[in-house]
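Asker: Listed below are the residues making up each chain.
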Amino acid sequence: MRIVKTGIAGTLESSDVMITVRENTAKGIKIELQSIVEKQFGKQIHRVINEKMGELGIEDAIISINDKGALDCTIKARLEAASYRAAGIQHVRWEEK
Amino acid sequence: MKIFSDFLRLRDLEMDNDIDYAIVLEEGIKVIASGAMSGPVLKCIAVDKEHEGEGFIGRIVTYLLLKAHHEGINHLFLFTSPHNAFIFREFGFHEISKVDETAVLMENTLHGLSDFIDELSRKKVEGKKIASIVMNCNPFTLGHLYLIERAASENDHVHVFILDENRSLFPTEIRIELVKKGTKHLNNVTVHHSGYYIISAATFPSYFLKESKKIVDTHGRMDLKIFCNHIAPALSVTCRYAGEEPLCEVTSHYNSLMKELLPAAGIEAKIIRRKENKNKPISASLVREYLKAEDFKNIQKIVPPSTMKFLKSEAAEPVIRKIKGQI
Chain A
2 MRIVKTGIAG TLESSDVMIT VRENTAKGIK IELQSIVEKQ FGKQIHRVIN EKMGELGIED
62 AIISINDKGA LDCTIKARLE AASYRAAGIQ HVRWEEK
Chain B
44 MKIFSDFLRL RDLEMDNDID YAIVLEEGIK VIASGAMSGP VLKCIAVDKE HEGEGFIGRI
104 VTYLLLKAHH EGINHLFLFT SPHNAFIFRE FGFHEISKVD ETAVLMENTL HGLSDFIDEL
164 SRKKVEGKKI ASIVMNCNPF TLGHLYLIER AASENDHVHV FILDENRSLF PTEIRIELVK
224 KGTKHLNNVT VHHSGYYIIS AATFPSYFLK ESKKIVDTHG RMDLKIFCNH IAPALSVTCR
284 YAGEEPLCEV TSHYNSLMKE LLPAAGIEAK IIRRKENKNK PISASLVREY LKAEDFKNIQ
344 KIVPPSTMKF LKSEAAEPVI RKIKGQI
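Going line by line, the protein sequences match chains A and B. Using my numbering, you'd call the opening residue of the first sequence number 2 and step up by one each time. Using my numbering, you'd call the opening residue of the second sequence number 44 and step up by one each time.
I should point out that these hints are in silico values taken from the structure, not numbers from a laboratory. Keep in mind that a hint or two might mislead.
One-sided and incomplete, this derived list gives chain B residues near chain A with beta-carbon spacing under 10 Å [as the list claims (entries may be wrong)]:
#1 I100
#2 R102
#3 V104
#4 E114
#5 G115
#6 H126
#7 A128
#8 R132
#9 L153
#10 H154
#11 L212
#12 T215
One-sided and incomplete, this derived list gives chain A residues near chain B with beta-carbon spacing under 8 Å [stated by the list, open to error]:
#13 I9
#14 E14
#15 T75
Quantities reported herein were computed from a predicted structural model and do not represent experimental measurements. Here a beta-carbon is modelled for each residue, glycine too, at the ideal position from N, C-alpha and C.
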């Protein structure tokens, strides 16, 4: 999946996360993480994001995350939605997992 | 709109008249939180005292971020007081600059300013004396040309910043094009877009201060602090030029702030007396006045040939129509 514009998903409310995915003119995945639980779960959040990026086949992107204590499943869902939006894909065929 | 402005007044805020979009959260008929947007600037963000700490600001900021995103604006700014800056830091805003204990300017990207400065420093030209001028050129006149020529003759290089804020009658691209054409004969001049960080809606705060004099003062100090700390070092600017401003109070105060603040940062501030035509200072507003009356004979005396050529071309018609529509 290729990122062609800026995509946003989520909110800044407690227990949610707001994720912005945008083009990276340089190569690679760049993560800008801000989390109220960064000390406790910073590494875990990075892992979740990198895993999801691999799953979606995204190689170049800047991902800004403002986390208000979201669970991993929320982070994954928000990241996936923001990525699809940033890739300009409107009709997603959600697979059962 | 009235409930909105009443609510803001309670929180010691004013409603600006340049708001594009505003939202309020209500409980029954009572407003408990508000927020607004003007271009890339978030404004009027407030919450009822009884509802502080309940997460309403988060909801307001979320709405505004999404609204801006759908309008195609992802790079956002806001002004707040230093003791409230921590609230917005939580929502991903980062401090750009601070004026004493009065105001903090923030943006929602981590590297907004530093990316702009990196880009700018690539246009650096080596030299001992490097000048800078910030102007609107709405449109480019012999007065602007005089100021640029003067700076070009006294310095190794001149960086001219043309205001990006598209609130002028002549669109930004046209204004820049006319400056480039009109200064073609000068080989030590670079014309830049001013971007977000030089006299833009973003570097000019407004609403949480009451007296208008104070607003202009804070605006100017914020803007010049960014200029001194970031813009000037990127290009090794040693001197900034400006035209004397006898009429507009805002600009003349800004000029006096330049005189006060630039020397402390090691930058000379030169305020140059305006070039005159028949004892009348040449100004862009005079050109617009003549345009309204289709007085091309008088325009010819105060603009360079390149500007004249544009004004007489088909491309100028929509602009001239806009000027005539103004009362």
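Asker: Look at each hint and say if it fits the structure.
Answerer: Hint-by-hint comparison with the structure:
Hint status for I100/B: holds, given a least beta-carbon distance of 9 Å to chain A, under 10 Å. For R102/B, the suggested interface contact is upheld, since its CB lies about 6 Å from the closest CB of chain A, less than 10 Å. Nearest Cβ of chain A to the Cβ of V104/B: about 6 Å, under the 10 Å cut. The hint holds. The restraint placing E114/B at the interface with chain A is violated, with a minimum CB-CB distance near 12 Å, outside the 10 Å limit.
Of the supplied interface hints, the one on G115/B holds, with its beta-carbon coming within about 9 Å of a beta-carbon of chain A, less than 10 Å. The closest approach between the C-beta of H126/B and any C-beta of chain A is roughly 20 Å, which is over the 10 Å cut-off, so the hint fails. This hint is violated: A128/B has a C-beta 15 Å from the nearest C-beta of chain A, more than the 10 Å allowed. Restraint check, R132/B versus chain A: the minimum CB separation of about 9 Å is within 10 Å; hint holds.
Satisfaction of the interface hint for L153/B is found here, the shortest Cβ-Cβ separation to chain A being roughly 5 Å, below the 10 Å cut-off. Because the closest C-beta pair between H154/B and chain A is about 9 Å apart, less than 10 Å, the hint holds. This hint is violated: L212/B has a C-beta 31 Å from the nearest C-beta of chain A, more than the 10 Å allowed. Hint on T215/B is violated. Least Cβ distance to chain A is approximately 22 Å, over the 10 Å limit.
Using the Cβ-Cβ criterion of 8 Å, the hint placing I9/A at the interface with chain B is satisfied: the shortest such distance is roughly 5 Å. Taking 8 Å as the C-beta contact cut-off toward chain B, the hint placing E14/A at the interface holds, the least distance being around 5 Å. A cut of 8 Å between beta carbons decides the hint on T75/A: the least distance to chain B is about 15 Å, and the hint is violated.
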